[in-house]
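Novice: So the chains spell out like this:
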Amino acid sequence: MTLDEVVATIAETGVKPDMEDFDPEKTLELNGIDSLDTYTILLALEEKSGVALEEVDLETINSAKALQAYIAENAA
Amino acid sequence: MLGIESIGSYLPQNRIDNHQVGERWELKPEFIDSKIGVTERLVKDADEETSDMAVKAFEALRAKTGHDLNDIDVLVVVTQNPDYNIPHVSGLVHGKLGLPQSVSTFDISLGCSGFVYGLNILIGFMQSVGMSRGVLITADPYSKVIDPEDKNTVLLFGDAATATLIGPDPVYTTRGFVGGSQGDLKRALICENGTLEMNGRDIFNFAATSIPGLVAQTLERAELSLEEIDAFLFHQGSGYILDTLARRMKLDPTKVLRGLAHVGNTVSSSIPLLLEQEIAKECRKTLLLCGFGVGLSYASCICQRKEK
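For the protein sequence lines, the chains are A and B, in the order given.
Its first residue numbered 1, the first sequence is counted upward by one per residue in our numbering.
Its first residue numbered 1001, the second sequence is counted upward by one per residue in our numbering.
Bound conformation, chain B alone (with noise of 0.2 angstroms):
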């Protein structure tokens, strides 16, 4: 069965201080660290692209494995901040690593629940076809549409890239998932003429009123409780919006995974960059993984730890 055999990362060395841009507006650093939460943002230098960084992502996984990774059949990369539109960005990671003209590469645009999409729809697709090692890339650098003046987008996005390799004999199985939408006709978050913009109460209220019903179904579907889950991986979306879900699903705080304080929101790498922590800890069999935002989109699975 396939499923998550590892996960490298890759994190920029600039760190903005929150505390000093939340000057600018007069909050206080209480405020920016519980309620936004994040203390402190990562951006790629400005020349950096989105295929360096997943280059840069794949490479970490390379060091974490110990192969070179040019055997495998599939590199997909989860982005809506690509190099240019054309083409799409795992071609430019697929030459720029050397990898063999045998392995299959496309791109999948979605923000926030790309994570988990990305996982269930890349190994249904490798099981479909019969390949056994794919990576799957998240890099969706906001860096590139923030307007530095707005309040609402430039405390709370961060800079990061995962690399996940998908194989045979796998730390984590997949199963239950559940996905949908509800079509963001509202522009809740919109990137237009190259910059970002958020209503953060029509995000707020559509995390709120979702994501519970979504989590009870995929307990459902999977056959699982509340208690049995070791931990939940909800997309890093901000302090706020992690204490609301935990508080209106009555969640016990301490297994409401918190990342984003030294890092951000980095979309689509938020949940990876959690799992990447959870794997090394055999402590946790079962994972709720829960990834929702732009689109407005939400995709949730467990992740069980396979029995060795």
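Only chain A is shown next, with the shape it has when bound in the complex (with noise of 0.2 angstroms):
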């Protein structure tokens, strides 16, 4: 999963209306989503790549950039 894909599936959650200023190097929550938000983000990039996220440690892992980075070194 590249980059641009993961930040098209996290606009296509709908979650963050206005994607114009979304930085993929700042933080979800610095990009103004909230926890719960970000349930529905990472559930959907799980059903998008097949890669699981559940052990994602959210206080590390925490961009698009970084989550793209673990997809791609936890892919099959």
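One should not assume that every hint holds.
As the list claims (entries may be wrong) - Using C-beta positions, here's what the derived DEER-type ranges look like:
#1 A/Thr-60 with B/Ser-1181: 44 to 52 angstroms
#2 B/Glu-1223 with A/Ala-69: 43 to 51 angstroms
#3 B/Gln-1277 with A/Glu-12: 32 to 40 angstroms
#4 B/Glu-1026 with A/Glu-55: 27 to 35 angstroms
#5 A/Glu-12 with B/Asn-1014: 41 to 49 angstroms
#6 A/Glu-55 with B/Met-1001: 47 to 55 angstroms
#7 A/Asp-34 with B/Ala-1261: 17 to 25 angstroms
#8 B/Thr-1065 with A/Glu-55: 14 to 22 angstroms
#9 B/Asp-1147 with A/Ala-52: 25 to 33 angstroms
#10 A/Ala-69 with B/Asp-1147: 30 to 38 angstroms
These aren't lab readings, by the way, just hints derived from the structure by calculation.
Since this is a predicted model, take the numbers as computed values, not measurements.
Think of the CB as a built atom: it goes at the ideal place given N, C-alpha and C, for glycine as much as any other residue.
Using the supplied hints, reconstruct the complex from the two chains, each of which is provided in its own coordinate frame.
Specialist: Below, the structure is given as structure tokens:
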């Protein structure tokens, strides 16, 4: 899954209506995404990538870029 | 045919303002109202026991039906927060109400799926042994086990109790029951040493991924389409879970009933509290009930209004 695909998946969830100012390097929280919407994003990424994200530590892996790297690392 | 004749409920008077509690973690009121979905929660008195709440729900049912209900055959309580480990709460309720010795009593240990299971267990049991009237009580006061410093749970759960009369002259009959489990070895929702702990993400994932399939199975078993359901009575886990289920199943949001804003997540009482309001609405012919949560356990069924 590329970074563009991760960002597109986040956009598809609809949790952030205005994606123009979305910064994939910033944390989801700094992009204005709350903890519950983060659950929705993680589930959408899991379903799209097939990579389990339940062990992701959101303290450290908390940006689109970091999630993309995790998915790439853990993809079969 | 046996089914639901009436529902009574007990709501404690004490209200906790979640906006005030949320200030501790700098939570915005709009997050509390729209995402958690609980603006204020009901909490029982400290010395009020589970059986006391159950008795009050039973008395509300008595008042609603205009009968003393001393002629029931069976009394069942759904709870996981009993007065004591031993004996069962329904026995204590039986004693406090002074019901005749001929009344059978037993408890069912389930949480948020408990009403749907309880309803179908009780109706099936009554039909198999030839009983005609029974009462199903839900009373699971989580305030007994909530850590007031735990942001994950303290803003969510409320206390309430309900009593549902099952009898031969029902308003609603049930069909299409489907249940299931996803044995929780990950401690998604657990009470250990008297304190509740919840992994909100695990519960969210469980609900978001399991419930759409459960609803589809229930509809298939009952030979109904989504469009034929007048209202969806999901367990009131949180506002966010209700929104997620509506979105993932593409449901008409106006058909997804909400009743947690001024009560909280009342565990096994959340569905009967909604159903109590629906009984009076003649236009609500076909309802889908769906409970899910601790266990992890889920159950769903259809309630069909009996034609007069």
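Novice: Against this structure, judge whether each hint is valid.
Specialist: Status of each hint after checking the structure:
1. A/Thr-60 with B/Ser-1181: 44 to 52 angstroms: Distance hint for A/Thr-60, B/Ser-1181 is violated at roughly 33 angstroms.
2. B/Glu-1223 with A/Ala-69: 43 to 51 angstroms: Hint holds: Cβ distance 48 angstroms, inside 43 to 51 angstroms.
3. B/Gln-1277 with A/Glu-12: 32 to 40 angstroms: holds (35 angstroms)
4. B/Glu-1026 with A/Glu-55: 27 to 35 angstroms: holds (28 angstroms)
5. A/Glu-12 with B/Asn-1014: 41 to 49 angstroms: Check passed, 43 angstroms falls within 41 to 49 angstroms.
6. A/Glu-55 with B/Met-1001: 47 to 55 angstroms: holds (49 angstroms)
7. A/Asp-34 with B/Ala-1261: 17 to 25 angstroms: holds (19 angstroms)
8. B/Thr-1065 with A/Glu-55: 14 to 22 angstroms: violated (52 angstroms)
9. B/Asp-1147 with A/Ala-52: 25 to 33 angstroms: Roughly 29 angstroms apart at Cβ, these two residues keep to the hinted range, so it holds.
10. A/Ala-69 with B/Asp-1147: 30 to 38 angstroms: Since the Cβ atoms of A/Ala-69 and B/Asp-1147 sit about 35 angstroms apart, the hinted range of 30 to 38 angstroms holds.
The structure is inconsistent with the numbered hints 1 and 8, although it conforms to all the rest.
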